[in-house]
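Starting from the given sequences, assemble the full structure and let the hints guide the process.
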Amino acid sequence: MSSHHFVREGQEPALLIAGAASLQQAEPLLEWVPLVIVTEEALDHVRAWGIKIDAVVCLAAHATDIELQLLEQMPFVILPHHPGEDPIARALQHVATTRHAMVNILATPTEALFRRASDFPQLQITLLGSDARWSLSTHFEKWLPAGSRLYFRPADGQPLTINDRETIENSYQAPHDGIVRIHAGHPFWVGELM
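Mapping of the sequence shown onto this note's numbering: residues 54 to 247, in sequence order.
Don't read these hints as lab results, they were simulated from the structure.
Relax, there's no trap hidden among the hints.
Simulated restraints on C-beta separations:
| id | residue 1 | residue 2 | range |
| --- | --- | --- | --- |
| 1 | A113 | S224 | 33 to 43 Å |
| 2 | W85 | E125 | 15 to 25 Å |
| 3 | A101 | T214 | 39 to 49 Å |
| 4 | L121 | A199 | 50 to 60 Å |
| 5 | E164 | L112 | 18 to 28 Å |
| 6 | M155 | S224 | 22 to 32 Å |
| 7 | G238 | V130 | 28 to 38 Å |
| 8 | E125 | G238 | 43 to 53 Å |
| 9 | T214 | A116 | 44 to 54 Å |
| 10 | A199 | M247 | 14 to 24 Å |
From the three backbone atoms N, C-alpha and C, an ideal C-beta is built for every residue, glycine too.
Okay, here's the thing in structure tokens:
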């Protein structure tokens, strides 16, 4: 029996590589042949992997040099930004204008990155750091074994409802095996250790 998958364009998550991620971390995300966007800072690192790069976010002043470096990658798109502008925001703007509703970001989680990604509520965003997977949502539901821990970054300390109980805690440990349901009237980040 064949295991071929048919996926419409834009149905798979885009992949934004904005840090020194490992190829091992990226490989499972590349299985669906997503739109791959790389920031200028991660470009040399990602080029060494030998994968197809679809777009590069770079300073406008470096665009011509990067185009020349990547001739073997044609076709690709340069997403220029100016000094002082956020390259992550530029990449997410590009994803939002394509048919992609989801994006995985390989980067070191920082407060600025959490804030910037929260500015794109139309996208389903997953941030993958070296030790945790963070998802932005207003609803989270998952079966967890007893002892599993989740971490939260609620907007402005606003409460979350976990299994019908309101809390402002920044973590939760499952007391027993079962489904954990979390929701809020505002977007929040939920993190799971990898």
